[in-house]
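What follows is each chain in one-letter form.
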Amino acid sequence: AQSVTQLDSQVPVFEEAPVELRCNYSSSVSVYLFWYVQYPNQGLQLLLKYLSGSTLVKGINGFEAEFNKSQTSFHLRKPSVHISDTAEYFCAVIFTGGGNKLTFGTGTQLKVEL
Amino acid sequence: ETGVTQTPRHLVMGMTNKKSLKCEQHLGHNAMYWYKQSAKKPLELMFVYSLEERVENNSVPSRFSPECPNSSHLFLHLHTLQPEDSALYLCASSQQGDQPQHFGDGTRLSIL
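Chains as they are written, first to last, in the working numbering: chain A, 1 to 114; chain B, 1001 to 1112.
There could be a bad hint or two in this list.
[Unchecked claim] The calculated lysine to aspartate or glutamate pairs, modelled on EDC-like cross-linking and capped at a C-alpha distance of 20 Å, are:
| hint | chain 1 | residue 1 | chain 2 | residue 2 |
| --- | --- | --- | --- | --- |
| 1 | A | K101 | B | E1084 |
| 2 | B | K1041 | B | D1098 |
| 3 | B | K1040 | A | E88 |
| 4 | A | K58 | A | D85 |
None of these hints come from the bench; they were simulated from the model.
Bound-form chain A, shown alone (with noise of 0.2 Å):
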């Protein structure tokens, strides 16, 4: 079966201290990867994909995430949180085959404290 699997529902952090959440997935077949985030009261803003080529991938605001194929893996992570970074991260997946389709993890709540 498919599905994405975000392990932790919070994460409490101090600022500036680094983070990383957590993402695993199912398939059987190959994968394109996103990191969403959500602040209160808006949308979904994209921080991150993966769709091919290196398994490092760059996003916006300082995060990164890393593609692990073999531990069918695409954990998210920041050296340095600010207090800005509190919000909601999802993960999703698309697999192929299933056309556009995204399927998204339940959520991890970012939390960052002074």
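Let chain A serve as the given structure and place chain B on it in line with the hints.
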């Protein structure tokens, strides 16, 4: 104006009312989507339009009726909704294929 615009941003309606949500994209995309986002649940894909034809309907109740008159506009017509339909309704657009979807800011719908 760029991006994906949704109106209204907030909507409160009774169960017997009829209303419509509007989505407009200025990105030249050829696919549009409606999602439902409820608290503590994953995003639910409701409808997909590709080249103005509905290509996916994920078992959505008939009280939700989508309309895509052209590639830039998408509507969601609502009638006789239930309290459990209260949620954030998000519209998105993309080019076909592996391109990412761009989202609007959503309509927060509350059913009294």
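Quick rundown of the hints versus the structure:
A C-alpha spacing of about 25 Å is found between K101 (chain A) and E1084 (chain B), which places the hinted pair above 20 Å, so the restraint is violated. The suggested pairing of K1041 (chain B) with D1098 (chain B) is violated, with an alpha-carbon distance near 25 Å, which exceeds 20 Å. For a cut-off of 20 Å, the pair hint linking K1040 (chain B) to E88 (chain A) stands: about 11 Å separates their Cα positions. For the proposed pair K58 (chain A) and D85 (chain A), the alpha carbon gap of about 16 Å is at most 20 Å, so the pair holds.
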